Amino acid sequence: MRFTRASKMALGAAAVMAVVAACSVPGDNTTESVTTVTDGPVKIGFSQATQRSPFYVALTDAAKAEAQAQGNEFFHADANGDVTKQNNDVQDLITRGVNVLVINPVDPKGVTPSLAAAQAAGIKVITVDRPVEKGAASFVGRDNKAMGELVGRAAAETLGPTGGKIIQIQGDAGGAVARDRRDGFLAGVSAQPAITVVDGPYCDYTRSKAVTAMQDLLQANPDLKAVYAQNDDMALGALQVLTENHRADVKVFGVDGLMEAVRVIANGDQYVATALNDPESEGKLAIQTAVKVARGESVPEFVDAGTSLVNKSNAPTLEGESTFAAGK
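In mature numbering (1 follows the signal peptide of the UniProt record, and there is no 0), the protein residues as written are -21 to -1, 1 to 307.
Keep in mind that the hints were calculated from the coordinates and are not lab data. This one's a predicted model, so the numbers in the text were calculated from it and none came from an experiment. Backbone N, C-alpha and C define an ideal beta-carbon position, used for all residues, glycine too. All the pointers check out, no bait thrown in.
If you anchor each label on the Cβ, the simulated ranges turn out as follows:
1. A173 - S301: 34 to 40 Å
2. Q219 - T137: 17 to 23 Å
3. G60 - G275: 33 to 39 Å
4. P20 - T74: 16 to 22 Å
5. G19 - A227: 55 to 61 Å
6. R274 - P92: 23 to 29 Å
7. Q30 - G139: 37 to 43 Å
8. T74 - E276: 22 to 28 Å
9. S169 - E223: 28 to 34 Å
Using the sequences and the hints given, assemble the complete structure.
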């Protein structure tokens, strides 16, 4: 497989607690007193990276619904893609007396101040969707590299030995999810040496930016055979441009299992595949894990929400009213 590039663009008050137990923060050799709620509702602080993506909106909504269904308190803060704001948000949540934190980091390395503040306040942290190297009790999410590889294999099978050029529309610059979905896809298509992957710009997982980018990419690469976008929202933006330019010959691949994409896959031949990444189950698992941690129960370091490939053969069975498809 050939690879080319086209473009790249403190401390808060401890939570009100029933019991204080000594335990260590995973990934750290220091020992701090950690809050444990043995009875009554758990105060959960949720710091979301952004609400600008349908995926993250659904993730937040599911987390809130699960917390409230269990009779717990839920405090939410939207970082709006700004890691400095996220660190400030976490400080505010600590000050508000939460018992446990759920963080989807804008930048896994950039939230180090938040993790340090939580540890000093005796508050355990669960990360969701994006892991951190250390400082969290557990990570709830999916293997984004595996998702990218699933879709990459589907692309390799679709293009076959004749291969061709694939444009890759990327998520966020420096983001772990974007990196893993990129690396996984490249591994998946490596089965066909005649495939060339050209990196397009970072479009922050938003459809409108992907539309603008695809207009330029199509003009610069009229010989392309396929488009891989690191989420379905961007893939649908690329499909819109291809349709407007009468390029039904160009195949489209995405990630996330956005229901709109699943319906297009079920009812056509141009959008070939995506990988399931149901935010509702991920949000519920994050809250369930956070509550266990807050009550002093042990949890795995990685809670895998699972994934699978969606293509024309199974897409009709996954159609429904939810924003994202869930595995069956």
